[in-house]
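A.B. asks: One letter stands for each residue in the lines below.
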Amino acid sequence: MKIKQVSVFLENKSGRLAAVTKALAQNKLNIRALSIADTSDFGILRLIVNKPEDAYRVLKEEGFTVSIAEVIGVAMPDTPGGLADILEVLEDRGVDIEYIYAFVGSARPDALVICRVENIDDAIEVLQEKGINILSGEKVYSL
Amino acid sequence: MKQWNEKYESMPREELAGLQLERLRQTVERAFHDVDHYRRAMQEHGIEPGDIQSLKDLEKLPFTLKQDLRDNYPYGMFAVPLSEIVRIHSSSGTTGKPTVVGYTRNDLNTWSELMARALVCGGAGREDVIQNSYGYGLFTGGLGVHYGAERLGASVIPTSGGNTKRQIMIMKDYGTTVLTCTPSYALFMAEVMDEMGIDPRKDLKLRCGIFGAEPWSENMRREIEDKLGLSAVDIYGLSEIIGPGVAMECQEKHGLHIFEDHFIPEIIDPETGETLPIGQAGELVFTSLTKEALPMIRYRTRDVSRLIEDRCSCGRTHLRMERISGRTDDMLIIRGVNVFPSQVESVLLDIGEIEPHYMLIVDRIGTLDVLEIQVEVSDALFSDEIRRLEQLEKKIRKEVETTLGISAKITLVEPKTIARSEGKAKRVIDKRKF
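If you read the protein sequences in the order shown, they are chains A and B.
The numbering of the first sequence is this note's numbering, which starts it at 1 and goes up by one.
The numbering of the second sequence is this note's numbering, which starts it at 1 and goes up by one.
I should point out that these hints are in silico values taken from the structure, not numbers from a laboratory.
Treat the hints with care, since some could be wrong.
Pairs of lysine-lysine residues, derived as DSBU-like cross-links and limited to a Cα-Cα distance of at most 30 Å, are as follows [to be verified]: (1) A:K13 <-> B:K66; (2) B:K433 <-> A:K13; (3) A:K51 <-> A:K13; (4) B:K227 <-> A:K4; (5) A:K13 <-> B:K394; (6) B:K426 <-> A:K13; (7) A:K28 <-> B:K394; (8) B:K416 <-> A:K13; (9) B:K416 <-> A:K22; (10) A:K28 <-> A:K2; (11) A:K13 <-> B:K431; (12) A:K60 <-> B:K433; (13) A:K13 <-> B:K395; (14) A:K60 <-> B:K416; (15) B:K205 <-> A:K13; (16) B:K253 <-> A:K13; (17) B:K394 <-> A:K51; (18) A:K139 <-> B:K416; (19) A:K51 <-> B:K7; (20) A:K28 <-> A:K4.
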């Protein structure tokens with residue numbers, strides 16, 4: 001139930017993001033979701049791709065600082081309060097969220113959210129207890 | 001007043017050479033007998049005091065390095081017992097053990113004499129009000145100038161550094177005519193004056209500025225003179241030799257007169273140690289001729305300069321040195337603080353996990369030196385959480401500040417973005433235009 005996310009360290013200068021996406025494209029790797037967290041000097045690009053291990057290897061070869069982190073992919077009703085309910089579940093259990101970003105998959109009724117949490121097993125357990133739909137890696141990579 | 005001590009400052013060169021030889025022989029004799037380090041070093045070189053028969057024989061003596069002072073920390077290089085020492089100054093010791101220098105009462109006398117000479121040489125006189133904005137304390141700048149100004153008989157205001165608005169108020173109200181400080185501080189003062197609505201030409205009586213303790217250029221001189229409405233001259237000195245007042249620019253502004261009756265200058269090839277003829281650029285080396293507490297024999301300053309032999313129209317017969325044009329080591333002077341890239345490297349190694357690929361970028365924004373340290377992010381310390389990377393930056397910044405005593409901006413950069421070099425790694429980009 002864990003999803004592998006590829007994270008890349010990027011300096012804030014032009015062309016760096018393009019270099020990452022180009023390297024992925026040349027190796028026929030498809031981006032499913034992405035988010036960028038940035039400060040004034042650097043950014044962290046977080047990617048969900050169809051083949052995370054391959055993406056890791058390709059970017060590494062290109063000389064980027066890359067790591068793989070495990071995250072959770074949650075499907076939630078695309079209605080007001082959809083995200084609030086999930087966050088409430090995590091909060092009740094005392095699971096700290098490091099960061100979160102949303103994306104819209106193609107032709108689905110649900111909205112999708114990627115969460116990086118402190119204790120991933122705990123989070124999965126509590127979300128499943130509450131009947132919240134957690135997506136498997138295979139499912140997300142092939143969206 | 002043109003010269004403070006015309007007898008010595010304008011001494012015919014032949015007579016000067018005789019005086020130098022006599023004093024050199026005494027110095028070598030005393031160093032040999034009273035300082036273990038010198039005796040050992042001379043014995044290793046198979047030379048003894050009796051071998052010094054001419055000034056040329058100076059070249060036979062071994063060099064003294066900053067490391068020798070460190071190895072003999074704190075008092076091992078002193079040639080007199082501590083009971084004879086009346087003053088101790090020292091460096092901050094950021095690159096290892098501090099270098100400690102001591103003065104006997106006679107040494108303080110000599111230093112005051114040299115600083116009085118320097119002030120007169122630069123254009124000051126006893127009727128002047130000298131505002132001394134060099135730092136007072138372990139650093140030799142403040143007290144060195146202070147004692148010289150008192151010896152001269154000028155009115156000295158010991159403002160020390162900092163508190164710039166008050167400095168300017170004092171300058172205005174007390175009618176300061178001579179300012180002594182670092183050239184970058186002079187420029188900073190000009191900026192603050194501008195903000196305060198003070199026009200130095202109308203509101204102040206500044207006439208002359210004696211600036212040193214850091215490298216500066218002709219362009220910077222023009223800028224200071226233009227902004228402060230005074231005549232700016234360069235002063236040189238280093239604590240190991242005596243402090244400020246080793247050499248001083250006269251109003252001709254063409255090189256600094258080295259007070260040769262107290263110090264013998266040499267220019268050497270920094271690679272081979274060979275003495276170079278006058279006129280060639282190389283590393284400046286000094287031998288003290290009159291110091292009692294801490295005689296210095298062929299001290300390698302690491303400063304790059306060139307000696308000028310032709311007669312100066314000011315009448316002084318002493319050789320001049322060109323303003324310092326660089327260093328033979330990689331030391332940087334940032335906001336008056338000596339910084340070696342190796343210090344940054346050891347901080348990064350201590351923090352751990354960091355491959356020490358880094359670059360120091362020094363720039364001058366306005367009048368202030370700024371230091372940026374670029375550090376490559378290695379896999380080991382990369383985290384996909386901003387918070388952790390920011391913590392890392394903060395930690396490096398704090399450690400650098402503790403070790404170097406100056407603040408720096410830390411920038412994390414992608415791996416392999418700092419240029420690798422095949423030979424000696426280039427660790428510094430100095431964008432400052434002095």
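A.B. asks: Of all the hints numbered above, which does this structure not satisfy? Sort the numbers upward.
C.D. replies: Result: hints 1, 4, 7, 12, 15, 16, 17, 18 and 19 break, sorted rising.
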